[in-house]
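J.: Dock chain X against the given chain H, drawing on the hints supplied.
Taken in order, these protein sequences are the chains called H and X.
The first sequence: position 112 = 112 (the UniProt record's numbering), numbered continuously.
The second sequence: position 90 = 90 (the UniProt record's numbering), numbered continuously.
These are computed hints drawn from the structure, not numbers from a lab.
Just so you know, not all the hints are guaranteed correct.
[Said to hold, decoys possible] Stretch by stretch, here's where chain H covers chain X in the computed footprint (C-beta under 8 angstroms, at least three residues):
(1) 45-53
(2) 60-66
(3) 124-138
Keep in mind the model is a prediction, meaning the values are calculated, not measured.
Even for Gly, the Cβ is constructed at its ideal location relative to N, Cα and C.
As a plain string of letters, each chain reads:
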Amino acid sequence: MELENLKNAWKDLQGLQTNEQKSDLEIAEMLNNHSNDVINKIMKNIRMEMIVYAICMVLFYLPMYRLLNNLGGKIFMAVFYVMCIFFLLYYRNMMQYLKSFKQDASVRKNLTALVLKLEKFINVYYLSNLLLTPIVFVTVVFILIPKYVAEDINQYINDNPWAMIGMILIVLAMVGSTYWFIKSYSQKIYGQHLQKLKASLEELEMID
Amino acid sequence: MQLSEKQFIELVNTHQGIIHKVCGMYCNDKDNKKDLFQEIVLQLWRSVASFRAEAKISTFIYRVALNVALSGLRKSYRQPVQESITENVLAYPNDSSYEEKSEQLQMLNDAIAHLSEIEKAITLMYLDDRSYEEIAETMGITQNNLRVRMNRIREKLKQIVKTRCSI
Numbered sequence: 001m002e003l004e005n006l007k008n009a010w011k012d013l014q015g016l017q018t019n020e021q022k023s024d025l026e027i028a029e030m031l032n033n034h035s036n037d038v039i040n041k042i043m044k045n046i047r048m049e050m051i052v053y054a055i056c057m058v059l060f061y062l063p064m065y066r067l068l069n070n071l072g073g074k075i076f077m078a079v080f081y082v083m084c085i086f087f088l089l090y091y092r093n094m095m096q097y098l099k100s101f102k103q104d105a106s107v108r109k110n111l112t113a114l115v116l117k118l119e120k121f122i123n124v125y126y127l128s129n130l131l132l133t134p135i136v137f138v139t140v141v142f143i144l145i146p147k148y149v150a151e152d153i154n155q156y157i158n159d160n161p162w163a164m165i166g167m168i169l170i171v172l173a174m175v176g177s178t179y180w181f182i183k184s185y186s187q188k189i190y191g192q193h194l195q196k197l198k199a200s201l202e203e204l205e206m207i208d
Numbered sequence: 001m002q003l004s005e006k007q008f009i010e011l012v013n014t015h016q017g018i019i020h021k022v023c024g025m026y027c028n029d030k031d032n033k034k035d036l037f038q039e040i041v042l043q044l045w046r047s048v049a050s051f052r053a054e055a056k057i058s059t060f061i062y063r064v065a066l067n068v069a070l071s072g073l074r075k076s077y078r079q080p081v082q083e084s085i086t087e088n089v090l091a092y093p094n095d096s097s098y099e100e101k102s103e104q105l106q107m108l109n110d111a112i113a114h115l116s117e118i119e120k121a122i123t124l125m126y127l128d129d130r131s132y133e134e135i136a137e138t139m140g141i142t143q144n145n146l147r148v149r150m151n152r153i154r155e156k157l158k159q160i161v162k163t164r165c166s167i
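One chain only, chain H, in its complex shape (with noise of 0.2 angstroms):
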């Protein structure tokens, strides 16, 4: 079989699929559709964890503020919120690149834009969760429990050594635990995604 024989055959195809072929209506209403495209769905995670971010700033942390008397926990919280504006402004400024998107380029600048923008989507979303893991956590312990639950949890603290090494065990093993649950959610739906387009522009990178 050679290739260049077939290239006849492969015209016919063509013909074949004039029973394929879309009206100008079926064509416009394809215009009004929303995309499903790789990038739209990262901006709807996007989306949705700007959402999630805004609502728990305002509900969780912004009544909290009140209840921080002390300078320590004034420039705790103000750190927080540094953070929060941080992630914001990044999950902003990563909308407008991927809105920005086309798919225009070559094959090769199209695979590597695309791995290069999953991959620092992937790790600002394991940084954000992992640095945001623990404050919540302090937040709890040292923060609303001794406000609303056990006021006295904080002398207990500090009078037994132990309890505060238990405190640091448990806050690196939810660290641990979100890390490997961050990486398994992320993976799960990009991972793979990305492993392919990888696999595609190494190859497309191999001659070169």
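T.: Chain X alone, transformed into the frame defined by chain H:
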């Protein structure tokens, strides 16, 4: 290139053969083909403003269509193409020359299904009689690189057909 919606629809209508071929190469059933076709049309609509008139519009359409197909998130985009090709082959009239052609096409498509995504893209453009320059530009590789790849693809296809014939 600034196009009105009407002009864009005319453009897609004129060149929809390219989009159908890309969909046929990467999708295994009608629903996936329909989804991919729509995705390509949407991406073309988003990108058409950046098209420069000095380039060939068919190259531009190929580039966008292949990018969408290769970067698609759905696993089903990446299944072998046997079903769609079988459907097409069955559509041939019952005549000996057609039968021969349909056999050849079936064999070709069975073999193509074993190629990688990148090799499929190159083979598709090659079979569609695109120049080496156009294929290399679309894929973002040099023409020398493309020649090496084409030789490998030919060898690979021959090997696949040979193996299948010997079974």
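J.: Does each hint hold? Answer for all of them.
T.: Here is how each hint holds up against the structure:
| no. | hint | result |
| --- | --- | --- |
| 1 | 45-53 | holds (count 5) |
| 2 | 60-66 | holds (count 4) |
| 3 | 124-138 | holds (count 6) |
Violated hints are absent here; each numbered hint is respected by the structure.
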